[in-house]
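Peer 1: The chain contents come next:
There are 8 protein chains.
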Amino acid sequence: MWDEHTIRRMLQDVAKGERSVDEALSRLRAMPVENLGFARLDHHRSLRQGFTEVVYCASKTPDQVAQIVQRLAEAHGRVLGTRASPAHYEAAKKLLPELNYHELARAIWYEREPRKRRDGVVLMAAGTADLPVTEEAGLTLEIMGHAPHRLYDVGVSGIHRVLDELPVIQSANVIVAVAGMEGALPSVVGGLVSCPVIAVPTSVGYGTGLNGIAALLGMLNSCASGMGVVNIDNGFGAGCLAARINALAYAKEKD
Amino acid sequence: MWDEHTIRRMLQDVAKGERSVDEALSRLRAMPVENLGFARLDHHRSLRQGFTEVVYCASKTPDQVAQIVQRLAEAHGRVLGTRASPAHYEAAKKLLPELNYHELARAIWYEREPRKRRDGVVLMAAGTADLPVTEEAGLTLEIMGHAPHRLYDVGVSGIHRVLDELPVIQSANVIVAVAGMEGALPSVVGGLVSCPVIAVPTSVGYGTGLNGIAALLGMLNSCASGMGVVNIDNGFGAGCLAARINALAYAKEKD
Amino acid sequence: MWDEHTIRRMLQDVAKGERSVDEALSRLRAMPVENLGFARLDHHRSLRQGFTEVVYCASKTPDQVAQIVQRLAEAHGRVLGTRASPAHYEAAKKLLPELNYHELARAIWYEREPRKRRDGVVLMAAGTADLPVTEEAGLTLEIMGHAPHRLYDVGVSGIHRVLDELPVIQSANVIVAVAGMEGALPSVVGGLVSCPVIAVPTSVGYGTGLNGIAALLGMLNSCASGMGVVNIDNGFGAGCLAARINALAYAKEKD
Amino acid sequence: MWDEHTIRRMLQDVAKGERSVDEALSRLRAMPVENLGFARLDHHRSLRQGFTEVVYCASKTPDQVAQIVQRLAEAHGRVLGTRASPAHYEAAKKLLPELNYHELARAIWYEREPRKRRDGVVLMAAGTADLPVTEEAGLTLEIMGHAPHRLYDVGVSGIHRVLDELPVIQSANVIVAVAGMEGALPSVVGGLVSCPVIAVPTSVGYGTGLNGIAALLGMLNSCASGMGVVNIDNGFGAGCLAARINALAYAKEKD
Amino acid sequence: MWDEHTIRRMLQDVAKGERSVDEALSRLRAMPVENLGFARLDHHRSLRQGFTEVVYCASKTPDQVAQIVQRLAEAHGRVLGTRASPAHYEAAKKLLPELNYHELARAIWYEREPRKRRDGVVLMAAGTADLPVTEEAGLTLEIMGHAPHRLYDVGVSGIHRVLDELPVIQSANVIVAVAGMEGALPSVVGGLVSCPVIAVPTSVGYGTGLNGIAALLGMLNSCASGMGVVNIDNGFGAGCLAARINALAYAKEKD
Amino acid sequence: MWDEHTIRRMLQDVAKGERSVDEALSRLRAMPVENLGFARLDHHRSLRQGFTEVVYCASKTPDQVAQIVQRLAEAHGRVLGTRASPAHYEAAKKLLPELNYHELARAIWYEREPRKRRDGVVLMAAGTADLPVTEEAGLTLEIMGHAPHRLYDVGVSGIHRVLDELPVIQSANVIVAVAGMEGALPSVVGGLVSCPVIAVPTSVGYGTGLNGIAALLGMLNSCASGMGVVNIDNGFGAGCLAARINALAYAKEKD
Amino acid sequence: MWDEHTIRRMLQDVAKGERSVDEALSRLRAMPVENLGFARLDHHRSLRQGFTEVVYCASKTPDQVAQIVQRLAEAHGRVLGTRASPAHYEAAKKLLPELNYHELARAIWYEREPRKRRDGVVLMAAGTADLPVTEEAGLTLEIMGHAPHRLYDVGVSGIHRVLDELPVIQSANVIVAVAGMEGALPSVVGGLVSCPVIAVPTSVGYGTGLNGIAALLGMLNSCASGMGVVNIDNGFGAGCLAARINALAYAKEKD
Amino acid sequence: MWDEHTIRRMLQDVAKGERSVDEALSRLRAMPVENLGFARLDHHRSLRQGFTEVVYCASKTPDQVAQIVQRLAEAHGRVLGTRASPAHYEAAKKLLPELNYHELARAIWYEREPRKRRDGVVLMAAGTADLPVTEEAGLTLEIMGHAPHRLYDVGVSGIHRVLDELPVIQSANVIVAVAGMEGALPSVVGGLVSCPVIAVPTSVGYGTGLNGIAALLGMLNSCASGMGVVNIDNGFGAGCLAARINALAYAKEKD
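Protein chains in written order, with our numbering: chain Y, 1 to 255; chain B, 1 to 255; chain X, 1 to 255; chain R, 1 to 255; chain A, 1 to 255; chain S, 1 to 255; chain V, 1 to 255; chain H, 1 to 255.
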């Protein structure tokens with residue numbers, strides 16, 4: 001393995017005259033970029049490691065998932081598998097008996113030691129049918145160390161349900177608003193707050209709902225400002241983005 | 001021309017023996033359906049005559065529009081020309097000097113004697129850019145004998161603006177809600193009222209607004225019930241439908 | 001519960017000096033908007049209550065549906081469940097033995113005491129395959145207190161079938177026209193009447209029918225005026241809108 | 001040129017020993033397929049020559065059009081240029097002074113000696129705005145030796161206008177039905193006749209008309225049988241197909 | 001029932017003075033259009049009766065299909081059921097034991113006495129996977145009295161296979177060309193013949209084939225003239241149109 | 001104006017017996033929701049006031065823009081007008097001589113006293129043609145008090161240009177990545193950082209770029225996590241969202 | 001069978017006087033074009049013969065596949081069946097016991113004697129889920145005589161994984177880059193090499209991935225030059241194109 | 001600047017003890033990846049330099065284009081500007097008087113000394129309207145050192161025109177086939193050759209041609225193998241890919 005230690009040793013050999021300049025140059029040239037750029041890339045990796053603990057199960061066999069989950073659990077003490085079927089869970093549970101299955105979110109997860117969870121994320125769902133996607137976002141946030149405040153069944157066709165929750169909504173660092181059909185919830189919420197809003201279209205609906213395209217277009221064209229949209233049904237992506245944003249509020253002040 | 005009078009005379013000839021049964025039968029068989037079905041079709045026409053006074057100018061030359069407008073004005077004392085350019089207006093005004101031009105609604109209109117106008121229609125526009133379509137609906141309603149209550153600039157990203165108008169909104173017989181971009185206004189309004197709502201998507205917006213498709217899809221997928229949608233930018237169609245609905249509230253009670 | 005009575009009592013306490021101004025102000029400030037705006041919102045709710053008796057079953061489990069249906073039936077004496085599978089029906093029937101299942105309309109329904117039903121709605125279906133959506137509209141109308149006149153198998157490729165029914169069609173307060181494939185029925189009907197027409201596209205067809213998109217576009221672009229369109233296969237929405245419109249004809253005259 | 005005569009001569013040379021087998025084989029191998037298959041391809045060309053007299057002007061410069069038109073007029077005594085601008089006409093008229101311009105159809109045409117024109121084609125247009133496309137079809141038919149019976153302004157929202165023309169419609173060999181917006185005319189007509197119907201969608205309309213896509217989809221999904229559809233605004237293609245079909249009725253009986 | 005006989009009798013009563021003119025007029029006015037226009041509509045019906053013998057089975061239950069098939073077989077001695085499943089066949093066979101099932105074409109059919117079949121239609125399929133649609137067209141043609149010449153597996157990527165059949169192709173009255181994927185067969189064939197070509201896109205393909213949309217667009221944009229296109233997978237419609245066209249060649253010469 | 005003070009005074013009047021309970025109740029009931037909910041809504045407004053200083057000029061006349069700009073400048077000392085034409089600028093400059101025009105960003109802006117600007121936002125553009133949208137985002141950020149670090153011409157087809165900037169990229173609080181054509185830049189960047197990434201598709205490209213749809217889809221389907229997408233060409237929305245996110249890093253730590 | 005040998009013999013007969021010129025001419029005229037054009041078409045066939053050994057199994061029954069596979073294996077000693085199910089394999093294996101099944105690539109294959117395989121093709125897959133399509137390309141290349149260098153799991157969200165393989169990537173004659181979701185891999189690779197790149201979109205993804213359309217659009221709009229795109233999931237087509245390109249590098253130099 | 005020389009010197013300093021190991025390590029860590037990976041990236045750049053001489057003019061001002069063109073001409077002695085307007089040409093010509101303008105291809109170009117051009121590319125265009133895109137490809141090929149053989153006006157609706165050119169077509173190393181409308185040319189050509197085919201859809205056509213989408217889909221779904229597709233109207237991309245492929249045939253044999 002090429003790493004900082006290896007390069008240091010090689011330079012020391014050069015300094016001691018035990019390795020010629022040409023030989024050192026040749027080895028440097030042959031190193032994979034990843035290793036040459038070790039400092040930044042490694043640093044980058046450790047920054048990103050929260051995400052290497054996640055498996056997208058949908059396109060993998062139960063056996064593949066089981067092995068990946070076991071390896072990640074060992075290495076990181078924490079793992080999340082999205083779009084997991086009961087079969088994925090059954091297979092993985094044999095290798096990792098403490099594994100949990102969140103049926104509604106269609107996700108498997110494991111945490112050796114729970115982290116302290118941070119407040120600041122509000123997670124809203126327009127209707128009951130949006131809950132699987134919403135809970136995928138919720139579980140993602142929890143695994144990443146956040147404690148989302150859940151507000152469910154707050155669709156815009158009963159606007160008073162949204163307004164009743166104004167104090168909660170307006171105190172958030174970041175809001176995740178999940179909606180199918182016409183997808184208007186983020187627009188209404190976006191007009192009520194000054195924090196970032198993450199809009200998640202779901203495939204809930206029928207006919208011209210076009211499996212979530214209608215909701216997606218509604219969100220992209222929102223007349224409310226300060227909103228970012230993720231792929232249809234992408235609860236994980238929304239949770240991930242909310243986690244990155246909420247983390248900023250807990251970093252040291254820079255000004 | 002075949003009409004009731006003609007048929008009556010023919011039957012009288014048969015009764016007097018001046019025309020044979022076979023000859024009468026043969027003439028009946030040869031009559032165009034329109035004439036045979038005179039009672040209903042004529043009645044139908046007089047019922048529909050409000051609409052024969054309307055010209056869609058966009059695909060016609062100024063000269064064509066001028067002649068049609070003059071003829072309709074003479075016959076009905078009232079005319080509406082939608083999607084009219086200043087050139088249409090200039091040409092038609094020469095033949096009908098009392099003709100008016102409504103710049104915002106891009107419409108020409110004339111009314112020999114204003115009708116009494118009926119209350120009951122509320123006309124809402126989400127943004128300033130939706131006004132041309134909204135005013136086309138408004139003028140259509142007025143020409144058809146209704147006095148719409150206008151509520152403008154009540155987009156959902158400032159939801160309190162909608163809520164401020166609850167008393168007006170909730171007292172309507174029918175609401176026309178015009179919106180572009182994500183088109184969420186009708187959804188929010190539809191959740192606040194028990195009367196029919198006519199949703200009008202506009203082509204206001206850019207990018208994924210897709211010239212009004214996003215707003216249209218939002219409206220068709222609204223989770224609020226009791227809503228009918230018209231074509232993108234079709235202010236005339238919405239005004240027409242609202243007029244038909246509001247008229248029902250003024251017909252004699254039938255129960 | 002916060003309601004007018006509660007607020008009146010609080011004000012009386014203030015008047016009697018039994019509650020300080022600050023305390024009253026503080027309680028007012030803390031009230032959910034819904035309660036502050038009680039008069040309008042409550043009134044609104046009772047107006048809307050016809051709709052709170054409806055359950056969209058498609059995205060719910062049989063157990064969830066059973067519990068909601070039972071609760072609504074108790075509270076309102078009346079319930080409608082759309083897109084209900086036999087499994088939904090079986091589960092709900094255990095809790096509410098008088099529940100009915102309308103197979104064609106894929107709907108469950110219950111009415112403790114049937115309302116008087118009002119005439120005025122004509123319900124047309126272009127083809128046999130459009131009947132599930134049409135009957136969903138029909139049942140919705142019936143539960144909401146209307147008695148739709150049904151005209152089935154009146155597609156435009158046999159135009160005489162439509163014309164034969166002219167007297168019925170032309171005496172309607174509102175027409176619901178359901179059609180798949182090219183969706184031309186509402187256009188033809190819209191040209192024959194002066195009442196509002198609700199156009200319902202269905203997903204009947206194949207290939208370029210695009211699961212109802214072709215019919216939808218046909219209806220939105222109709223050259224007949226006075227038409228509102230609902231989502232593909234949305235029989236419930238059409239029935240609901242027709243009920244709201246027909247109700248206007250039975251309200252007291254206002255002019 | 002390679003033709004039957006040439007091959008016969010070559011074979012005779014082989015028979016006489018004046019050309020070796022290898023040389024003959026080599027020449028056969030080198031012949032273009034077109035020449036080898038002379039009889040059929042040439043015959044085919046003469047059958048097709050009616051179409052070589054047509055120029056699609058839209059993507060050509062006035063000069064290019066002028067030269068092609070002059071050459072075709074000389075060779076065939078007859079030429080049709082579709083999608084021609086006034087500039088195309090001006091340039092071509094200089095080389096061919098007898099050239100005509102059909103403004104409505106946006107076409108240039110010339111016929112040294114008019115052919116006898118055959119009856120049997122009925123050409124219907126739903127609205128005034130469909131006339132440019134309809135007249136392109138009409139002129140195409142005339143240049144190809146047919147005398148279409150024109151029925152204009154017979155849209156389905158005034159169904160009696162179609163029914164009034166039943167005798168004409170039902171006596172056609174082939175019908176060309178041109179319509180924009182919802183494109184329902186061919187469906188209605190197709191249900192009234194037993195002859196082939198050519199449906200021509202036009203780009204007339206706005207919003208969800210999608211520049212003719214709505215009309216096209218309506219026609220492709222027609223519940224009437226026996227209909228063929230052409231590209232949006234393709235009056236020439238429709239005229240051409242109608243001419244081919246009507247010609248069959250004038251060919252000798254084959255049974 | 002209102003028919004010619006009834007009207008004649010009424011007129012005779014008027015002639016005999018047994019019925020007043022007013023009473024006769026009143027009854028005429030009340031007659032359904034269908035009956036008033038009896039001569040034309042009935043004549044029209046008998047012209048169209050070939051099509052009333054066809055059932056689209058896809059959206060009907062086996063029982064419904066069985067009853068319709070039996071009734072049509074009795075009335076017309078001939079019936080065709082398209083998109084029929086084995087279950088449809090089993091149910092219908094019980095009521096009509098002589099019923100046949102064409103597996104490849106997914107169709108049921110019955111003919112008491114075969115008609116004489118006419119030559120003139122050439123039926124081409126680009127690939128093996130296009131055969132179900134092609135055979136639906138073939139069977140439709142046969143039931144309607146035509147004997148299509150079948151040319152299968154003649155896709156354009158092996159152009160010599162098309163060219164080998166030039167004599168057959170060029171002697172047709174009308175060609176039905178069926179193709180999926182890029183749908184180029186009709187373009188190539190259309191350039192080789194002077195008769196009408198019916199292009200049938202199929203849903204064969206994957207990915208950007210978009211279930212036949214790619215083939216459909218290819219056919220609508222063909223640079224070959226004289227082509228009409230039907231809906232994706234609509235073998236019945238193509239057969240029907242080809243039958244109508246080929247019949248013209250067997251009608252009496254009119255010139 | 002209804003506000004806390006007004007309500008307090010009314011309650012004091014009740015306490016003093018100078019106003020009856022019924023009168024107080026009646027006034028409370030008549031208050032607009034906005035006023036009843038004063039604390040939250042007003043607070044909300046002041047939070048949102050940064051956004052009330054922005055005008056979308058595209059659909060407004062120069063005169064309308066000029067008046068709005070002047071009023072906002074007076075009230076807030078700061079204004080931003082997006083999608084502004086030179087004509088908008090000319091008209092507004094007459095009323096507000098200190099107004100600036102940013103040609104590339106197509107924006108007008110004014111700031112009485114510049115705010116201190118915060119670091120933390122990195123603004124990347126894939127190509128030169130993406131600069132108008134990118135600069136709209138940049139100017140938005142600046143007006144809102146942030147100092148974006150600009151990295152331009154860093155498209156993924158020259159990946160080393162992105163990698164050269166790793167230190168800058170990896171130290172950001174939030175990144176705005178603007179790209180047209182295939183829109184791959186945010187995917188690549190998203191894989192290199194652990195902060196939130198805002199992806200902005202532009203309409204740069206041609207053919208299948210579909211005016212930015214290709215870039216949008218690429219971004220929504222990115223395999224990199226933690227990304228939010230805005231509408232095509234919506235530089236303002238992206239700047240706004242980035243400002244909201246970056247502000248979190250400067251708020252007081254909450255943990 | 002007609003081939004060069006047959007024609008040579010016929011010409012020799014003519015030369016020997018054993019066959020008359022007329023008879024020879026008549027036989028030549030009757031030959032199918034394919035045979036007349038033998039030299040080129042046959043030559044062409046032998047050039048193309050690699051492709052006649054391939055069966056697209058998806059739309060064929062196991063029996064049909066079995067027979068075609070056996071016949072091709074006998075004639076060519078080599079066969080590839082794509083989109084083959086286990087049922088296809090089972091059926092074909094009975095007739096050809098040496099047949100192999102490549103589960104991941106969903107392909108059956110057989111090679112009597114393996115060819116020498118050529119280097120030069122690099123086969124890259126962005127993610128694990130892209131492997132079925134990638135392996136279809138790989139197997140196609142192998143059957144056609146190439147030895148692709150496989151680089152898997154090199155998606156752009158971990159750009160260092162691509163960069164690590166620069167020496168391999170930059171030494172290729174042609175690269176096949178397979179990716180789903182946003183499909184950015186070919187863009188990044190295309191910017192790093194000077195050889196042709198074949199981009200293969202896969203249907204991997206969900207929501208706005210639109211079954212591969214997003215990846216396809218990304219690839220077609222790549223800002224990297226020198227890239228050709230194939231249909232979604234078309235591993236066979238990509239392998240085939242790569243084989244044709246790589247073969248050029250092994251042909252004799254022509255300059 | 002960081003390059004091999006710099007790194008060597010630094011290593012020599014380490015060897016000589018003039019620089020500490022820590023300092024060397026620190027400098028290595030800080031180097032931009034581009035410089036660390038110098039050998040490969042630089043080499044890569046020189047390989048790619050043919051493409052750095054190309055400017056996409058469409059989104060640049062005449063001045064910008066003029067300056068880039070002058071700089072590239074000086075550095076490389078060769079430049080190509082695509083999508084160039086006459087205004088671009090006029091501006092650039094002032095700085096580089098020898099600059100040429102290719103009107104049909106809408107391109108500016110300059111070559112100090114023409115390269116030897118290689119045979120092997122055949123460039124086909126279906127129709128006259130496809131020539132601008134085709135010539136963009138042709139000029140690109142010429143600037144890159146190839147001499148394409150042009151075959152124009154060889155659309156598939158006159159298939160003999162394609163077949164006449166079989167010898168030329170079948171001797172190509174690579175074929176570029178350009179077509180609009182239904183885009184069938186590459187399919188037909190692909191079935192006749194064993195070399196790679198590059199398919200270029202153009203936006204030629206109207207209506208359902210959808211600005212080239214129909215042609216694109218036709219090409220992506222071609223049943224001919226060995227074809228790669230580029231973006232609509234992307235003549236430059238096709239020329240570039242053809243050049244990369246043809247170059248392989250001129251590289252040293254590797255087997």
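Calculated from the structure, these hints are not laboratory results. Treat each hint with caution, since some may be false.
[Unchecked claim] Derived lysine-lysine pairs resembling DSSO-like cross-links, with alpha carbons at most 30 Å apart:
{"hint": "1", "chain 1": "X", "residue 1": "Lys16", "chain 2": "S", "residue 2": "Lys16"}
{"hint": "2", "chain 1": "A", "residue 1": "Lys93", "chain 2": "A", "residue 2": "Lys60"}
{"hint": "3", "chain 1": "X", "residue 1": "Lys94", "chain 2": "X", "residue 2": "Lys60"}
{"hint": "4", "chain 1": "Y", "residue 1": "Lys60", "chain 2": "X", "residue 2": "Lys60"}
{"hint": "5", "chain 1": "Y", "residue 1": "Lys94", "chain 2": "Y", "residue 2": "Lys116"}
{"hint": "6", "chain 1": "V", "residue 1": "Lys16", "chain 2": "A", "residue 2": "Lys60"}
{"hint": "7", "chain 1": "B", "residue 1": "Lys16", "chain 2": "A", "residue 2": "Lys16"}
{"hint": "8", "chain 1": "X", "residue 1": "Lys60", "chain 2": "A", "residue 2": "Lys93"}
{"hint": "9", "chain 1": "H", "residue 1": "Lys60", "chain 2": "H", "residue 2": "Lys93"}
{"hint": "10", "chain 1": "Y", "residue 1": "Lys93", "chain 2": "X", "residue 2": "Lys60"}
{"hint": "11", "chain 1": "H", "residue 1": "Lys94", "chain 2": "S", "residue 2": "Lys93"}
Peer 1: Now, for every hint given, state plainly whether the structure supports it.
Peer 2: Hint-by-hint comparison with the structure:
1. Between the alpha carbons of X:Lys16 and S:Lys16 the distance comes to roughly 9 Å, so the proposed pair stays at or under 30 Å and holds.
2. Annotation: proposed proximity of A:Lys93 to A:Lys60 holds, straight-line Cα distance about 16 Å (limit 30 Å).
3. Note on X:Lys94 and X:Lys60: the hinted pairing holds, with a Cα-Cα distance of about 17 Å set against a maximum of 30 Å.
4. Taking the CA atoms of Y:Lys60 and X:Lys60, the gap is near 28 Å; set against the 30 Å cutoff, the hint holds.
5. Restraint check: the Cα-Cα separation between Y:Lys94 and Y:Lys116 comes to about 28 Å, which is no more than 30 Å; the hinted pair holds.
6. A C-alpha spacing of about 72 Å is found between V:Lys16 and A:Lys60, which places the hinted pair above 30 Å, so the restraint is violated.
7. In summary, the hint linking B:Lys16 to A:Lys16 is supported, as the alpha carbons are separated by about 9 Å, within the 30 Å threshold.
8. The hinted pair formed by X:Lys60 and A:Lys93 fails the criterion: a straight-line CA distance of about 40 Å is larger than 30 Å.
9. For the suggested pair H:Lys60 and H:Lys93, the alpha carbons sit about 16 Å apart, so the restraint of at most 30 Å is met.
10. Of the supplied pair hints, the one linking Y:Lys93 and X:Lys60 holds, its CA atoms being roughly 28 Å apart against a limit of 30 Å.
11. Restraint check: the Cα-Cα separation between H:Lys94 and S:Lys93 comes to about 37 Å, which exceeds 30 Å; the hinted pair is violated.
Hint violations for this structure: numbers 6, 8, 11, all remaining hints satisfied.
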